[in-house]
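Asker: Please build the complete structure, drawing on both the sequences and the hints.
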Amino acid sequence: MTRPPHGGLHLSATSETLDPQDWNEIRAHGHRMLDDMIDYIAGIRERPVWQPIPEAARAPFREALPRQGSDLAEVYRDFTDFIVPYATGNVHPGFMGWVHGGGSPVGMLAEMLAAGLNANLGGRDHMPIEVERQIVEWTRQMFGFPNGASGIFVTGTSMANLMAVLVARTCALGKSSRQRGIGEAGSLLTAYTSRAAHGCISKAMDIAGLGSDALRCIAVDGNHRIDVDALRAQIARDRAAGLDPFLVVASAGTVDIGAIDDLQAIAELCREQELWFHVDGAFGALAVLAPDLAPRLAGIEHAGSIALDFHKWGQVPYDAGFLLVREGERHREAFAAPAAYLRRETRGLAAGSHWPCDYGPDLSRGFRALKTWFTLKTYGADRLGAVIARCCALASHLESLILAEPRLELLAPVGLNIVCFRYRTEHADRVNGEIVVSLQESGIAAPSTTVLDGRLAIRAAIVNHRTDICDIERLVAAVLEFGARRSSAAPGEDAQFARSQPIAV
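Going by the working numbering, the first residue of the sequence shown is number 441, and it counts up by one from there.
What the hints contain is simulated information worked out from the structure, not anything from laboratory work.
Note that the structure is predicted; figures quoted are calculated from it, not measured.
Simulated restraints on C-beta separations:
| hint | residue 1 | residue 2 | range |
| --- | --- | --- | --- |
| 1 | 735 | 793 | 35 to 41 Å |
| 2 | 595 | 481 | 21 to 27 Å |
| 3 | 476 | 785 | 41 to 47 Å |
| 4 | 503 | 870 | 36 to 42 Å |
| 5 | 556 | 847 | 48 to 54 Å |
| 6 | 461 | 833 | 50 to 56 Å |
| 7 | 588 | 527 | 37 to 43 Å |
| 8 | 712 | 492 | 50 to 56 Å |
| 9 | 588 | 781 | 27 to 33 Å |
| 10 | 504 | 793 | 43 to 49 Å |
Note that the Cβ used here is the ideal one computed from N, Cα and C, for glycine as well.
Answerer: If you want it as structure tokens, here you go:
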């Protein structure tokens with residue numbers, strides 16, 4: 441009598457593969473899905489930017505774990521009925537909330553190809569690794585970094601900023617700190633950024649074990665750039681108090697208004713003070729691709745590290761964050777962790793050292809590089825730079841419309857692509873907050889809000905390559921319409937009006 445394998449499982453002659461029995465059937469489904477998504481993107485302007493999710497659409501996503509499978513066509517129907525209509529909306533040209541890139545059809549196709557290969561880019565010797573290495577080289581060239589610079593794809597700039605803090609921390613405390621911890625010396629480390637910097641910098645200090653209190657948030661000037669004199673004075677005070685300054689994080693495109701710190705002055709200060717100079721360039725760093733904007737980033741070439749997102753102004757589908765480090769050896773010292781099961785060889789599949797896992801915390805990594813490679817190869821750096829420049833030109837157009845309209849008020853200088861403004865009225869914070877919600881629920885446009893000098897602002901971040909003058913003018917017209925109604929309405933009174941507005945251009 442034949443005994444079953446360990447655990448009592450029986451192997452039958454019937455295959456349990458997940459591949460289809462009929463490849464033509466799944467091919468037909470695949471072609472339909474691809475055609476539908478291309479139609480979705482092609483007709484995106486005719487759809488609402490965003491719409492509230494009804495309870496009937498949420499309900500199917502609270503069902504119990506499926507024990508038995510469903511027909512692919514049925515699953516796809518759930519996708520088209522309950523997911524597609526209620527997406528974030530950042531593919532739409534009217535999406536101006538936060539800083540979300542619009543993606544591209546080319547990037548979508550590349551994502552499909554990457555999923556088909558299902559490559560793990562943690563390491564080993566295969567061509568997808570070479571694709572990522574080429575992106576590292578291209579990014580090195582973009583920012584004028586020297587040979588020997590390293591780079592790695594991550595989820596986004598929040599992760600890239602955290603990794604930069606870890607690289608700077610290891611550089612300050614020595615490689616041995618990875619084994620013995622940060623100790624007393626680590627408790628003295630202090631870092632610096634501006635009050636306008638993204639909150640992920642403080643979070644990075646927390647996660648890195650240095651504590652958010654060790655981050656000094658320096659005042660900004662009238663253009664929302666870090667006050668370099670105040671920065672210098674704070675560093676001096678901390679040194680006098682026995683602390684150990686080690687890192688300055690500058691912003692190339694602040695989260696609120698898109699301001700760019702004086703990178704040249706900060707670079708000189710960091711060189712003089714022997715501090716690690718990191719640039720959070722989530723979206724603004726890619727302005728180097730636009731000749732008219734690149735001079736605003738002077739000094740970025742001297743950074744020790746740069747964090748950026750190709751999925752923002754690079755128009756690569758989510759996610760495609762990136763960390764570039766000036767000295768590859770410093771980068772590896774912070775993350776490389778040899779293990780017997782990751783033994784490197786000179787031949788075979790285990791060749792090709794150094795591996796990407798030597799430059800970050802992840803061993804299992806997706807093929808993010810392919811959609812970035814396709815985007816850069818297909819469109820070219822010059823065309824992407826032109827898209828970036830046009831986003832800024834549209835922001836300037838929005839600024840001019842605001843300045844020409846007495847009912848609107850500009851709340852911050854427009855340096856790049858972010859415009860902060862509001863409707864002039866009594867109870868302005870409440871009314872403008874309701875205007876933004878009404879805009880979102882109407883499907884006309886989707887800006888976000890922020891608070892500048894204690895005043896709530898409507899924040900329009902123009903990142904999508906599809907956004908055009910008509911979308912800017914629709915936004916302004918809708919703000920004026922909702923503002924007039926909200927100024928004289930009780931809270932919630934215009935909600936029905938907002939949802940009833942026509943979507944067509």
